[in-house]
Amino acid sequence: MTRAERLSIAGAATAHLVLLAALSLAWQNSQKMLAAPTDAVPVEIVDISDAPRTPEPPKPSMEAAPQETAAAAPEAETAPEPEPVKADAVPPPEPTKPTPPKPKAATPTKAPPSPLDTSTLSSLIDKALPKATKKPLDTSKLAKELNASAPARATVDPRAAATLAQAIRAQVAPCWNPPTGGRDVRRMTVIVTVNYSRDGRVIGMPQAGTPTGMTAANADYARAFAETARRAVLRCQPLRLPAELYDLWGSVEINFDPEEMT
Amino acid sequence: MRLILFTAALFAAPAFAQSAPLRVDINAGLMQPMPIAVPAFAPGNGASTEAGTTTQIGERAAQVIANDLKSSGLFRPLDPAAYTTTVGIDDVLKPDFPAWRTIAAQALVTGTVTSNPDGGITLACYAYDVFAGAEIARQGFVTTAAGWRRAAHKCADLVYSRLTGESGYFDSRIVYVSETGTRTKRIKRLAIMDQDGAGHRFLTSGQNLVLTPRFAPGQQTITYMSFENNRPRVWIYTLGSGRQEAVGQFSAMTFAPRFSPDGQNLVFSMAVGGNTDIYRFNLATRSTTRLTSGPGIDTSPSYSPDGTKIVFESDRGGSQQLYVMNADGSGQSRISFGEGRSASPVWSPRGDYIAFTRMGGGRFGVGVMRPDGSGERLLTNGFQDESPAWSPNGRVILFARGDRSGRSGLWSVDISGLNERRIATPLDASDPAWSPLLP
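These protein sequences, in sequence, are chains A and B.
Counting in the working numbering, the first sequence runs from 1 upward without gaps.
Counting in the working numbering, the second sequence runs from 1 upward without gaps.
Pulled out of the complex, with its shape left as it was, chain B reads as follows (with noise of 0.2 Å):
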């Protein structure tokens, strides 16, 4: 009786261990934008606003956030002709999962819009992942009429947080340098639209030279420098009111300005007497502090996410380099160190990298590195590419292009050097910089 007892453990002992199930490593999967069917959304009632019935404002909604999803890169949204019928209230609450499998659908994001009484609409925003068969994200945007298209980007935003972990960007708009007229005459003009090019307009009349437009972070005010009256200086225009103001009393010129995180300072550079510096300005007590000194150019700050450092661009070192110090000015040192020359730095939001311009061998490309000047990747290449700016989620970057015949315009490109894409502007267009997320 022992010996068999002795011998069922014997054999009892590798079952046990067997009954681990078995171990599978995945290490490699496909890099495939995620196919997503984004249906008109569904009437909630029959009625008429002043931005068309809400029938058909489902329609353009699911366009504007399958144009949304689509231009990131990451999702495909299907061709309506695969799925003919109409999606009702009954489908949005209740989605036929088999049904979306069926067309390769891995997520649908369907919604209702419906009139309220005072006018305006409630735009309902539901997400589901369609292979598990569940819902993974709902959301109610209620605005004016004239107000659906950012409720889409708004239920967009949603969707693209809720499937990548990462925050959202299409809720946001973009400023930049419109241009137009002969390389000797140019006109530059501050213009805005949103992040897809809807809702153009200009900002200033063209009289004056601009440049370098950049947003407040969490606020809709714009720094920029303009050459007005023949002297240029740096400038800030609130969006709201359309008020300009010339910031500070300075005989000398400034230039390459940038707010602060928490938007109480601008940095920007000044040049006195041959020497340009970078200098910070207080915008409630107007008090000036120069952040450096030493012969040189130094140009372009920029502030890390957390306010605690800024990148520049300086020339100390014999040619246009990228630095990070304190943003006191101190513990200044050199982090670009690669062939040619590194221009116009910018932090990226999420603080991760830094995007900057690349010069050398006649071509420009932008590219990213991390704060200590690591991991160095160069993203596009053209003859003229430069200005990166950020999307408010530190995932995409937006640049000029230039070519040879002088036109220039905004192009995009992902933070891994994919989905390169061209924003479309009514004349030329440079210097672009993304706002933050709206609220």
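Bound conformation, chain A alone (with noise of 0.2 Å):
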């Protein structure tokens, strides 16, 4: 082949080429597009146990961390975690740990229940809500009064309990931030079961039960929902309750019902 073959080669194809590239645009003309159209690019999901698929060698800990933690169920919280916890930390659930330390229990056989007044113990509650780390009061005859009538709890005026219910209500409530606008909110309400120490924390992972309002269409919700209310119990502690009543609120069960939110 000549170089004027060649040359002339190349030119038929550049020529051809450039007819090619008019004949397109003109077509694209008649399509009236502007941008090239492009698709959308396309995204693979993937179980994260196979990720990094990286060409490097394993960063030791990405590379470990997904074994580690693979065999974590969905409720990961179960899992527990090997790790010292901090002492900030949550500690370690003990949910089926009732424990509140008895007051210095006084046996049943002794002394009958002396009647309670009840009007002291609410102004006391209510006193102590405000000012949660100052000591209500003098609490001490109150509470060696209700030690000494025990099972004195047992004849605690429900009105007491019933301002107690108002004082951990109007504390975890702040924390409550239940998803709206769902379809289903305003029909669900959930129970979230909590152990309180003495000072007011949580004592383990508070147990949610199921919603009610829950079907399998809204499973997803309700989980959703029910994970509100416990992480409003988890993030308004310690509570701030008289220790003298702690055998009234160290087990408390807590209905979250959305009703009067719009």
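One or more of the hints may lead you astray.
Claimed, not checked - Far from chain A, some chain B residues (derived; all Cβ distances over 10 Å):
1. Asn282
2. Gly294
3. Asp328
4. Gly409
Claimed, not checked - Per the computed footprint, the stretches of chain A lying under chain B, defined by three or more beta-carbons under 8 Å from a beta-carbon of chain B, are:
5. 158 to 165
6. 215 to 221
7. 237 to 251
Worth flagging that the hints you see were computed from the coordinates, not collected in a lab.
Glycine included, C-beta positions come from ideal geometry on N, C-alpha and C.
Build the complex from these two chains, which are given one at a time in their own frames, with help from the hints.
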């Protein structure tokens, strides 16, 4: 092939390309396209246990960690973390232990229950509310009374319990942020069982029951809903409540019901 | 002895009764965006991609995720200044929960970006409940380097759906009519962008007036009305190829098209002999079925998500109102009775509401009502709020807001009427439609 031949072939090829380009341009114009249409970039969803697909030698933790936690069930909070629990971390779950240390419990056979002045009790709780760190009044006498009369807790006036419940409500509700706008939000309620230590801290992981109104269709929503309730309990602690009445609030069932929310 | 036992039993009974835990009822909480930390994603390896280094992509991905979550109005991403330390791979997998608690983060989104041998990336996304000290979700996304935005949106969708219990909507796109020019010489072009405004581009040249673009469900096809050759007709645009095709061979004007939920049919209005009715066009057989008849303008049909019913607007009763009928045209009944006129109804993808435009007293508002017409609520109020469109999860409504000067732009509002916010567009904008979640 001579140089001239090569040149002419190259020329012809170029001409064809130009012609092709012009034709496709014309075709494109007829389609009125502006930008080259691009499909959405594909994204493949993978299980992270497979990741990272790195060509490099595996970085220590990234490679190791998925295996560490791979076994963790979706409810990861049930997987005990071997790491030492830090001081302010939530203690490891002991949900089954009710364990509020009993006040020096008098035996039931002793002393018949002395009537409690529940008005004192109520005012005590109410005052305890705003200034939590401060000890409310002198409660020792009342506590003694309670202790001495044990099964005294059995006979505590329901109004006292109601006041105590109100105190807990006032402290936990501000931390509750239920998922709003959900289709089923106002039909759902959930009960969270919480064990508190004497200093008002949550012991273990609060247990959320199955929300009412939960169906197969809204199970994801129900789970998120229950978690908002549990988060409220975990965020708003320690509770500031009279230690003398610890027997009453050591174990609490909180019913979260957003009926008053729009 | 017997007496003692009896006495003990007397005391024991109430003691047992009291052993039940104290019961507390909480009937209201606070509606506040959840504080969430989204630190820069850690580089899984040090490689560079065509979209930047993995470190850079990790930073930008975290910003996209934080912005998505913030835009929902349900989350408040914490200022990265609150946590100056860089999150490394170890922290991704074992977050220091007490430290995140001290800055009041209730949830934490972390992850890694790793470059793959083929030039693509893997974005690994982890979500944690900070107060429970527990991982709540994890997912990997493998894509091209340029696809990192979509991977970030998918991560945001994962977090959103896990924390709200509803499906996400961030990995989606918006098509709308971009407008420019004077009122008398308005140029209208179809434009498309990601839900967060990124990747904006024009689809048509503006040579012909275009109106009412609508996505096909589950696929990336758009139907719209164009005045091509001064002949107003319904067209279909395929995003992948950019191909456009007129629908049917109708001599009459066709407009207000919308796909059926299965994508097999189009419903639209056709004006024949001064009478406008709703027709169904089967895309496979190309057969046309008339669904409404009688005098008046029947238009803006929109299917229920299960495909059994159609809501539409009609002035058959004297003024524009909303009507619902079965998908075959039977059982037509009026559902809107409020003050003023009601128009442009759109059935929510989750089926529980119909969004519409309410006009009256010189004001326009976008509202919602249940499919039987009950529970009507106006969500917005403006000089000209119109053309509602639903987010893929039925939780957010996009609409066009015009002002007295003739300018218009896109806005969104939560179904609860909260979180009204403007969606930035390069030019004026109207007639938005939201795509389904991308596959």
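The hints, checked one at a time:
| no. | hint | result |
| --- | --- | --- |
| 1 | Asn282 | holds, 25 Å |
| 2 | Gly294 | holds, 36 Å |
| 3 | Asp328 | holds, 27 Å |
| 4 | Gly409 | holds, 22 Å |
| 5 | 158 to 165 | holds (count 3) |
| 6 | 215 to 221 | holds (count 3) |
| 7 | 237 to 251 | holds (count 3) |
In summary, the structure agrees with every hint in the numbered list given earlier.
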